[in-house]
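Just so you know, we're using the UniProt record's numbering here: the sequence shown kicks off at 1 and counts up by one.
Read the hints as simulated data drawn from the structure, not as lab findings.
Source: prediction; values computed, not measured.
Cβ atoms here follow ideal geometry from the backbone N, Cα and C, with glycine treated the same way.
Hints are all accurate, no fakes.
Derived DEER-like restraints, expressed as beta-carbon distance ranges:
| id | residue 1 | residue 2 | range |
| --- | --- | --- | --- |
| 1 | E35 | D69 | 48 to 54 Å |
| 2 | R86 | N58 | 38 to 44 Å |
| 3 | D29 | L8 | 30 to 36 Å |
| 4 | N54 | E78 | 31 to 37 Å |
| 5 | L32 | E1 | 42 to 48 Å |
| 6 | R92 | G59 | 44 to 50 Å |
| 7 | D71 | D47 | 33 to 39 Å |
| 8 | L28 | L8 | 27 to 33 Å |
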Amino acid sequence: EAIQRFSLVRQRDEDLDKDLDNNSDNNLDNNLDEELNDDMNEALDEDLDDGLDNSLDNGLDNSLDNGLDNDLDNDLDEGLDDNLDRQRADMRIEDTRIGSKSM
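Put together the whole structure using the sequences plus the hints.
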C-alpha cells in the first residue's frame, strides 16, 4: 500500500509539473501576444498619425495653391478688364476726335 501511495503521489507530482509547464507556456504565449498587439497598435497609431499629417498637409497645400491660383486669376482678370476698359476709352476718344475733325 505504501508503494501504491508513493506511486500516486509521484504521478500527481508529474501531472502538476506538466500543468505548470503548460501554464508557463500559455502565459509566455499570452505575454508575447500582448507585446505583439501593443507593437502593432503603436505601429498603426503612427501610420494613422502620419496619414493624418500628410492628409492635412496636402489639404492645406492644395487649399493654399487653389487660393493663390484664384487670387492670381482674379488679379489677371481685373488687369485685363482694366486694360480693355482703357483701350475702349482710348478708341472712343479717337472716334470723337475723328468725328469732330470730319465736321
